[in-house]
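Novice: Based on these hints, arrange chain E on the given structure of chain L.
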Amino acid sequence: MNPSQGVLAVGTVLAAAGLWLLLPRGNERGRMLGGVLVIAALGCYGAQIPAVGDWFAKGMFHAIALVTVVGAVATISFRSPVYCAIWFGLTLSGTAGLFLLAGAEFLAISTIVVYAGAILVTFLFVLMLSEPEGYTTYDRRSWEAMIAAPTGAVLVGILTMTIAASISMAAQTDTTHASLEKSPSAAKNAIAADAVATPTVPPPTISELGAQLFTRYLISVEAAGVLLFAALVGAAALVTQGGVGRSRTAAATSSGPREGAAHAS
Amino acid sequence: MLPIALDALIKIAVVIGGLMTAAAYLVLAERWIAAWIQDREGPNRVGVPLTKIRLFGLGQPLADGVKFIFKAEYTPGHVDKGLYFLAPVMIFASALAVFAVIPFGGLLPGNIFPASWGVSEPINLVIAPRLDVGMIYVFAMGSIAIYGVVLGGWASNNKYSFLGGLRSSAQLIAYELPMGLGILGVVLSAGSLRLDTIMQQQAQTGAWNAFVQPLGMVVFCVAAFAEATRLPFDLPEAEQELIGGYHTEYFGIKLMMYLVGEYLHMITAAFLIVILFFGGWHFWGLTGSSDTVTWTQAILRIIVLNVKVLGMIFFFMVARWSWARFRYDQLMSLAWLVMLPMGMVNIAYVAVWQEYGEQLATQAGLPPQIAMAVCGWAVLVATWFVGASMAPPAGDNRPRRTPLEPSFPMNLEIPEGAGR
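For the protein sequence lines, the chains are L and E, in the order given. Numbers 675 to 939, taken from this note's numbering, label the letters of the first sequence in order. Numbers 29 to 448, taken from this note's numbering, label the letters of the second sequence in order.
Think of the hints as simulated: they come from the structure by calculation, not from any bench. Check before you lean on any hint, since a few could be wrong.
Stated by the list, open to error - Some chain L residues well away from chain E (every beta-carbon gap over 12 Å; in silico):
hint: 1; residue: Val684
hint: 2; residue: Ala746
hint: 3; residue: Ala759
hint: 4; residue: Ala776
hint: 5; residue: Ser894
Stated by the list, open to error - Here chain E is said to cover these stretches of chain L; the calculated rule only asks that three of the stretch's residues, wherever they fall, bring their Cβ under 8 Å from a Cβ of chain E:
hint: 6; stretch: 784-790
hint: 7; stretch: 879-886
Even glycine gets a Cβ: it sits at the ideal position worked out from N, Cα and C.
Extracted from the complex, chain L is given alone in its bound form (with noise of 0.2 Å):
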């Protein structure tokens, strides 16, 4: 085990903690100390990740990066669940503008478009379904806060783990060409198109993009297509069974639960 990895492993343990002590599990005892273990978790993670580009994008990516990871943070710890899902909203423009500072345009926005929307719907169904004020507890805590915390930190452990060892592979292989090349200074920038271990791509356009998806990826936009379209037929059928070509006092007087949802939409 070399001393990034113990890092590592502190980080995790930090993390776990932290999180565990944030999770809304009913008492609020000890959140400010998982706060300070969080960032201290957060401080050992991001000590990992080499810093890429000029120091315009170093910071927008650093402010955007927190922004997100706050977002995601207040996501799980936060007790009403309205506002839980306001922080994911925060969480998803997080993302989106990292895609877009990685140049993916497409991504960024269909994450908001996407996401926002379907976020939205979830926010409805809290709105309906949950109690956000009241004496009940039961959706304004988190379940089994002791498997779920550390199975969260070891994820992102091994995910920085996995990505650090990558950049810093492509940071030796890109500082040898350099030594041979006599130019250092273009080894730096090169990191991060090298990490991703694929080969010079162009910026992605939406043309490209579309090109690629009725070429290369042709057959998995049909199957999509295909699922995306049975589900609508199942919808349309769950929504429709005993409604359409009966009369209303039939369908009134045959009451089952599944008319009386049917028509209540």
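Specialist: Showing chain E alone in chain L's frame:
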């Protein structure tokens, strides 16, 4: 680097300043137009303060703004404080952020900078000219704006507000689909999601999309009205039923943010309709259609675009007093049973035309744009006829419990004592 940042900052200043002023004076214009339609005087008193100069009431927006800002800042005791403050900010910020991709003119010649700066390319009059996904970005910001409405309705802890918020979420989600379908036809024919490319394409062919895809224009205009929650689609507010809906509990500067956000949505909708379907800055014989512009053409393009937008806003304001508000089931069946199929027909028509029609027209020796316009109007009339014959306008207009229940032929047996 510096000229680019400076360029963006100047554009942002121009757009935000222009929009805020425009929103203020559009309120005055709306009140004047309402007065004109209802045959009364309208606001005509406020002029220069402390004098008797009236200036036709042009001081009214300023007085309104001052009134809003200096109103007592009181928070009702029963609201959810955090979300109560967040909601108007969200709707206002997202309404402003849309304008990052909306062009407010064509191009400017590059020779306004000193030669030593090395900038010689023409300046694109849009804040984020390199964003490739302009149209989807507009959608993304629109979907964030819904949060402002729903959150405001929920955080107010008021039944009327909550009803308004729920209505608006259902309405806005339902009408996003026809809006997207209306846009897809334009995107398909322009081959780009960028608004400036779409305008450029219309200028080069000389045929505005309103002429060649009239069905798409109808679908998009109706959906844009609904997304801007203007009458006849203003169910989320519905002063007469919901005392203002989601902003019942708001006042002072937070109410002003809601109202200005609403006006910004209307301006956005007008810009989008003009850019997508009415040629943007293009006008035959005036503005030219090439990539390079002279100063005269550049200024003419800005004027043409903004005059068109003002005309569209005038249409919005006149439409407000021309239709009654839809009933809720009418609203929903208009979205799902009329606009959605019409939008699909439009996409199918545009796709078929792009694939086969253009070749056939050129082979037959017809000018393709005119042939497409004829086909487009034929498709519109045919769709209209089919839709009208499936649901006769003189048929049953009673509320239906589900939009899927057939209204014609009338086989409904209403139970005794059920209210009509």
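Novice: It remains to establish, for every hint, whether it holds in the given structure.
Specialist: Hint check results:
| no. | hint | verdict |
| --- | --- | --- |
| 1 | Val684 | holds, 35 Å |
| 2 | Ala746 | holds, 18 Å |
| 3 | Ala759 | violated, 9 Å |
| 4 | Ala776 | holds, 14 Å |
| 5 | Ser894 | holds, 20 Å |
| 6 | 784-790 | holds (count 4) |
| 7 | 879-886 | holds (count 3) |
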